[in-house]
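Chains A and B, in that order, give the protein sequences. Quick note: the first sequence uses my numbering, first residue 1, plus one each step. Quick note: the second sequence uses my numbering, first residue 1001, plus one each step.
Check before you lean on any hint, since a few could be wrong.
Claimed, not checked - Derived BS3-like pairs: lysine-lysine, alpha-carbon spacing no greater than 30 angstroms straight-line:
1) B/1108 to A/109
2) B/1115 to A/197
3) B/1125 to A/197
4) B/1108 to A/162
5) A/109 to B/1023
6) A/135 to B/1096
7) B/1023 to A/197
8) B/1067 to A/135
9) B/1124 to A/197
10) B/1023 to B/1124
11) B/1096 to A/100
Rather than coming from a laboratory, the hints here were simulated on the basis of the structure.
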Amino acid sequence: MNDGASYLELSRRYGFAPKPESASRLTQLVSRQDADLDEIAKVIDKDPALRARLLRVANPEAENEAEYAIESAEDALMRNGMGCVLVLAMSTPLAQALVKTFQTMLSLKLESVDPRTAPPLTGDHLRCNIDFSGKVIGHVLLRLSSASARTIAAGIIGADAKELNDAAEICDVAGELLNIMTGNFKSNLCDAGLECKLSPPDVRITGDFTPPVRHAGSVEHLAFCSGNIQVFVEVTANPWSDD
Amino acid sequence: MATKILSVDDSRTIRMIVGRTFKPYDCQICEAGNGEEGLAAAAREKPDLIILDVTMPVMDGVTMLGKLKEDPALKTIPVIMLTAESGRDNVLQIAKLGVRDYLVKPFKEEQLIEKAGRIVTLQKKPTV
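The shape of chain A in the complex, shown without the other chains (with noise of 0.2 angstroms):
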């Protein structure tokens, strides 16, 4: 039996859930430094949802698709190189792992929204970053409200909201869930051939909005809510690192 089946029946026996297969596959293609453009482009016409994405960032100026100057998903990589169709390819399922988590620790469904127009958080907030290095590089960041954060740990917790005042109890919390988020994110990279590790999360309760230092590469912002409760992403990567 090769590897890939004995991976396949151990996925079976232990219950995984299924990976998405798009994004596998297109993060296969563009691990590879000798990636076929043609091949590529033509995996990403066959996802409306992550051309549309794509199209959207090679036009940042454009205020609707008729303004778009570049209208092809092969012009659009030329344009904006394979970082970005990482970025973009894997953050579909690091926002399908994001929805999961709250959706299976809390029992609360998060909603994606545009992060262009979402109410921007202000003052001190919850920061959580963590760093991946290897064949890829970049980070995930996680940005929530304080009431966001606190309402988050007493959820996972089981512990009244207004009575949770301890910050290292809330910060463990949110450091848990972008830790399932990005392994998750991390195990499709490396199934992709882009072996990589995690750092452990940076989690802190502050006023700053600098963004981290950035990696080379492309970078994509998500942001999710559910009642009150705002959740904001960033996440780089940048293929082929030399580490």
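Chain A is already provided as a structure; the job is to place chain B on it using the hints.
Positioned in the frame of chain A, the structure of chain B alone reads:
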């Protein structure tokens, strides 16, 4: 006699959830924050079941599992991996070392009970 379960995870949130999960059952929960502490706790407490994370500081879960399986006094203790990492190579390596089951985070508490219940006796505490 209460079923003894060792939870090894660097997140106290997860250790707390594991403790809460088994609270309705006649279980004694021991905790460790990394693999090194986990090995010491396993030797000291001789648990009936270990619930083990992968990514931890000091000593990770894969290393702890390997050392556990090399120790004649500890190698028969069943282990359930509880981790967010389900990458192919990790899973194959862990399965080769020997685990009874594998649960990917995020998880529901009833999933952990179901998997643990297949390995050890979980007796509900009498309701008062």
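Against the 30 angstroms threshold, does the CA-CA distance of residue 1108 of chain B and residue 162 of chain A hold or violate the hint? At roughly 25 angstroms apart (the allowed maximum being 30 angstroms), residue 162 of chain A and residue 1108 of chain B satisfy the hint.
Compare the distance between the alpha carbons of residue 1124 of chain B and residue 197 of chain A with 30 angstroms, and conclude whether the hinted pair is satisfied. Cα-Cα ~40 angstroms, so violated.
Hint check: residue 1096 of chain B vs residue 100 of chain A, CA-CA at most 30 angstroms. Holds or violated? holds, 29 angstroms
Going straight from one Cα to the other, do residue 1115 of chain B and residue 197 of chain A come out at no more than 30 angstroms? Measuring from Cα to Cα gives roughly 28 angstroms; hence the hint holds.
With the threshold set at 30 angstroms, check whether the alpha-carbon distance from residue 1108 of chain B to residue 109 of chain A stays at or below it. holds, 15 angstroms
Holds or violated: residue 135 of chain A and residue 1096 of chain B, Cα atoms, limit 30 angstroms. Distance of about 25 angstroms is within 30 angstroms: holds.
Starting from residue 1125 of chain B, check that the Cα of residue 197 of chain A is at most 30 angstroms away, please. violated, 42 angstroms
Pair hint residue 1067 of chain B and residue 135 of chain A, alpha-carbon separation not exceeding 30 angstroms: Answer holds: residue 1067 of chain B to residue 135 of chain A is near 29 angstroms, not above 30 angstroms.
Please work out if residue 109 of chain A and residue 1023 of chain B have their alpha carbons no farther apart than 30 angstroms. Distance of about 27 angstroms is within 30 angstroms: holds.
Residue 1023 of chain B and residue 1124 of chain B: Cα distance at most 30 angstroms? holds, 9 angstroms
Within 30 angstroms, alpha carbon to alpha carbon, are residue 1023 of chain B and residue 197 of chain A? Violated. Residue 1023 of chain B to residue 197 of chain A sits at ~34 angstroms, over the 30 angstroms cutoff.
In terms of the numbered hints stated before, the structure departs from hints 3, 7, 9, listed from lowest to highest.
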